[in-house]
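Given next are the chains, with one letter for each unit.
Number of protein chains: 2
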Amino acid sequence: MSAGIGTPLSRSVADALAEVDLTALTPGSPAFVDAVETALTSFFASRRALVEPLGPVFIDSADALEQFVIRGGKRTRPGFAWTGWLAAGGDPAGADAPAVLTACAALELVQACALVHDDIIDSSRTRRGFPTVHVDFEQRHRAASWPGSATEYGSAVAILIGDLALAWADDLVHEAGLAPAALQRFAPVWAAMRTEVLGGQLLDINGEAGGDESVDAALRINRYKTAAYTIERPLHLGAVLAAADPALIDALRTYGTDVGIAFQLRDDLLGVFGDPAVTGKPSGDDLREGKRTVLIAEALRRGDAAAGARIRAGLGAELTDAEVDDLRALLTDLGAVDDVERRIADLTATGLAAVAASTATPHAKQLLRTMADSATKRAA
Amino acid sequence: MSAGIGTPLSRSVADALAEVDLTALTPGSPAFVDAVETALTSFFASRRALVEPLGPVFIDSADALEQFVIRGGKRTRPGFAWTGWLAAGGDPAGADAPAVLTACAALELVQACALVHDDIIDSSRTRRGFPTVHVDFEQRHRAASWPGSATEYGSAVAILIGDLALAWADDLVHEAGLAPAALQRFAPVWAAMRTEVLGGQLLDINGEAGGDESVDAALRINRYKTAAYTIERPLHLGAVLAAADPALIDALRTYGTDVGIAFQLRDDLLGVFGDPAVTGKPSGDDLREGKRTVLIAEALRRGDAAAGARIRAGLGAELTDAEVDDLRALLTDLGAVDDVERRIADLTATGLAAVAASTATPHAKQLLRTMADSATKRAA
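Protein chains in written order, with UniProt numbering: chain P, 1 to 380; chain H, 1 to 380.
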């Protein structure tokens, strides 16, 4: 591994990854997920020297963060980052591959901050089948019969655990062992990504509160909260690590923006029409939650005053299954569903065309086609 | 300025500081405060290219963060960092001085995150005479008559603004224009500082909730929440930028820990005995807030069961002025006040002795003596 900007604390991450075969990793595969988790687990181990002097309370919080991160699913963002690196000619058998994979894994810590804080903001009680972090600490407070508000305690601890995740995301990047020149290319993209995702979350909150019902507003939230953060910037981060040229970066970013928005549009459709047995969420969940999606904005744009009133009355209400069915029929009849399906198809096509015309490696083009399929054609 | 790890975005910060005379800055002086604010203001200007594409909602949030940061007071942490750099021979007339001052200024963004999130956690309504960030956005929500909870909206926005401050703190460090070798020395200390302050805040919350009444527990919170974060690590950060040797770093860290704890102990005394006309806070404020300080822990350790019961009953209660006077008399009679004064004197002495025996420059030794005085002998 090249001489890094990091510290000896990172040694254990490099050591752990040195034992993993990185040459045939397919993003999303169990082997890829394992490799990312190896990087994350050894990073958490490297934090112990910092955490332990602060005593058991802090150790418990750091452990809660580690468990949350390790429970994380498909490692989508590291997968796109790794693919961006491969696309620009990154060599998984090369000396810098472990450092690159480690930097990709750091995206999972940014994501942990986003999710832990989002769960406070949305008052979500469970995630991935477990209590959310603020609920976990609320329950610990109750179990210990401490004085004061258990709810406020839970939120306070979760705010700080999210902050810790954000701070540690940077630490992992800077201790990944990247060469100084690679880190120099990485830093501004990393900065942009974090600003964009926080901006996207702020837009989302304001969209819900301020009631901007336009299609453009919903698309802008998709762009920054999902597309930029989940696909575009991860691909961009990987590409700059392999010193991609500007034309290839543009192509990957076009793919990332377009397929990323298409991914979110598919999510919007599943949130209303998805099969609960497949999605694991209640039928019509997004309607009951009152989400302001492109699907809803498009229906409002197309509908007359009466249709608009029916949609607005249903959003965020306690709906019966029959009422959910009625709203679904209305969205379909207005043509909003077809419109969103057409957007998904168009965006996927433009995204794939940009990559097809680029200098990305054939292997990466193949991966990106598969990833576009699973992002935009999934049932859950 | 040396070739940096940063991006062209930082150019405006460097340009702005190139016009400031850094050669005779005394930490805490108006000229020093101005120089830090110049770095911060030009950094915020450099973010606009990232912020503007996300639209007016995000621009408003970024503006709120900037106003919060620019209102910040004495720039204590950048002052200690600058002093650490001077102590190890940093040359304010040298080419790297603007980059160093910029990296020092980044501490104010970490502090902004800590304060914005702390104000949510403590449900504080005002700071520095202005509404806290969550209250500000709560009021904007009410003024706009948006649907939903104004309180939850305010907290949500403030959580994200705090996150933005933490992310931007890193961006400022990496765009400061530090030489790669300097950044390499800076990064692990920066990482440790952020972990420690978040750990200190977690200990503080748990101390209040979990009711550990020991002197050791209170001292540990002081160590990490205040001393490490306010003095020790800022000095350490500055010292490594000037490539200080390990013995000098040890001396500065000893000073930072000891004077930092003494600073907090003085704060604890002022929180109970301070003159409202000087401190700007209600008389006996810490008693009414129920703060678990070393002063209180020491009084509980010294008192019998009856004294302990009186103290515990008063903490966090709605106290009359006469009741505040009674508790003050009790703390004094138990010898807790003398004990804390003795700790302040002893810690200040050991901290100053460490620096006196070190290779710090005479000018820095002089500054550190003055700074110890104002940290530990103040009336507000």
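Think of the hints as simulated: they come from the structure by calculation, not from any bench. Some hints could be false.
[What the hints assert, rightly or not] Derived DEER-like restraints, expressed as beta-carbon distance ranges:
#: 1; chain 1: H; residue 1: Thr23; chain 2: P; residue 2: Asp245; range: 41 to 49 Å
#: 2; chain 1: H; residue 1: Glu19; chain 2: P; residue 2: Ser149; range: 36 to 44 Å
#: 3; chain 1: P; residue 1: Asp63; chain 2: H; residue 2: Ser123; range: 23 to 31 Å
#: 4; chain 1: P; residue 1: Phe130; chain 2: H; residue 2: Ala313; range: 57 to 65 Å
#: 5; chain 1: H; residue 1: Thr361; chain 2: P; residue 2: Thr126; range: 55 to 63 Å
The beta-carbon is built from N, C-alpha and C at its ideal position, and this holds for glycine as well.
Unmet hints by their number, sorted upward, for this structure
2, 4
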